[in-house]
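Just need the whole structure built from these sequences, with the hints factored in.
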Amino acid sequence: MRLRVLIPLALALALPLAACGGSEATRFEETGAPFSFSYPPDLQKVFADTGREVKGQDPLYRVALGTDETNVVVAATYDVGKDTAKIKPAKLAVAVERAARSLAKAMDAEVPKRSDGTLGDMKAAIFEFKAPKRGLTTRVYYAFQGKTQYFLRCQWDDAGADAIPAACDEVAKTFAPTTG
410 MRLRVLIPLA LALALPLAAC GGSEATRFEE TGAPFSFSYP PDLQKVFADT GREVKGQDPL
470 YRVALGTDET NVVVAATYDV GKDTAKIKPA KLAVAVERAA RSLAKAMDAE VPKRSDGTLG
530 DMKAAIFEFK APKRGLTTRV YYAFQGKTQY FLRCQWDDAG ADAIPAACDE VAKTFAPTTG
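Sequential numbering of the sequence shown, starting at 410, is according to the numbering used here.
Please note: incorrect hints may appear among the correct ones.
Think about it this way: if two alpha-carbon atoms lie no more than 27 Å apart in a straight line, the pair counts; the simulated DSSO-like pairs of lysine-lysine are [stated by the list, open to error]:
no., residue 1, residue 2
1, K491, K454
2, K556, K532
3, K497, K556
4, K522, K539
5, K582, K454
6, K542, K522
7, K495, K542
8, K539, K495
9, K500, K514
10, K497, K539
11, K522, K497
12, K532, K500
13, K582, K522
14, K454, K539
15, K582, K532
16, K514, K542
17, K556, K500
18, K497, K532
19, K556, K539
20, K514, K497
21, K542, K556
22, K556, K491
Derived Cβ-Cβ restraints for the label pairs, each shown as a range [claimed, not checked]:
no., residue 1, residue 2, range
23, Y470, R523, 35 to 41 Å
24, I496, D530, 15 to 21 Å
25, K582, V503, 41 to 47 Å
Just so you know, these hints were derived from the structure itself, not from any lab.
Since this is a predicted model, take the numbers as computed values, not measurements.
Think of the CB as a built atom: it goes at the ideal place given N, C-alpha and C, for glycine as much as any other residue.
So, in structure tokens, the structure goes:
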């Protein structure tokens with residue numbers, strides 16, 4: 410008789426705990442990383458080559474998280490070489506537009522349209538484009554602070570359509586440069 414009472418009681422207590430734990434975000438904060446952000450716990454680090462963000466330039470720092478090698482959220486930083494506050498906004502906008510078009514061309518994607526938004530608290534240029542032949546959608550964020558370009562690329566196919574866009578939104582909303 411006691412066992413019959415204890416099992417339903419244990420299940421009743423375990424279900425709310427499991428439901429709470431599954432939806433909490435994981436925080437990306439690694440020693441030496443120039444940024445931090447929150448992301449859904451179902452994403453894992455992806456160590457395979459997930460593509461390049463900037464032609465001919467290696468990132469200062471890069472991390473890729475995803476459900477597989479195609480469905481990823483990639484955060485990276487690049488050295489701009491000079492303080493971006495001293496670059497004319499129109500010149501910076503043209504450079505970003507060219508970079509987005511170059512990335513779209515490399516992916517055989519439609520020409521992207523720019524929208525303005527934020528990457529954490531930083532102003533960002535955002536581009537979303539589709540590569541129908543490859544079955545991919547890509548959203549990229551370009552943000553600048555000091556001599557650093559912060560870059561976020563989110564890429565998904567049909568298999569990742571439920572997970573990656575929401576993960577991208579979460580990373581973009583919680584993204585923060587780190588100091589030190």
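Comparing the hints with the structure gives:
1. K491 - K454: 31 Å, violated
2. K556 - K532: With Cα atoms ~15 Å apart, K556 and K532 stay inside 27 Å; holds.
3. K497 - K556: 14 Å, holds
4. K522 - K539: 11 Å, holds
5. K582 - K454: Holds, because 20 Å separates the two Cα atoms, which is no more than 27 Å.
6. K542 - K522: 19 Å, holds
7. K495 - K542: 40 Å, violated
8. K539 - K495: Violated - the C-alpha atoms of K495 and K539 are around 33 Å apart, more than 27 Å.
9. K500 - K514: Given that 27 Å is the threshold and the Cα spacing comes to 21 Å, the pair holds.
10. K497 - K539: Distance of about 30 Å is beyond 27 Å: violated.
11. K522 - K497: 21 Å, holds
12. K532 - K500: The hint holds at about 16 Å.
13. K582 - K522: Measuring from Cα to Cα gives roughly 21 Å; hence the hint holds.
14. K454 - K539: Given that 27 Å is the threshold and the Cα spacing comes to 24 Å, the pair holds.
15. K582 - K532: 12 Å, holds
16. K514 - K542: 12 Å, holds
17. K556 - K500: Within the cut-off at roughly 15 Å; holds.
18. K497 - K532: Roughly 15 Å separates the two Cα atoms, so the pair holds.
19. K556 - K539: 30 Å, violated
20. K514 - K497: 26 Å, holds
21. K542 - K556: The given pair, whose Cα atoms are some 36 Å apart, is violated under the 27 Å limit.
22. K556 - K491: 5 Å, holds
23. Y470 - R523: 35 to 41 Å: 25 Å, violated
24. I496 - D530: 15 to 21 Å: 20 Å, holds
25. K582 - V503: 41 to 47 Å: Violated, at about 27 Å.
The structure does not agree with the numbered hints 1, 7, 8, 10, 19, 21, 23 and 25 stated previously, though it agrees with the rest.
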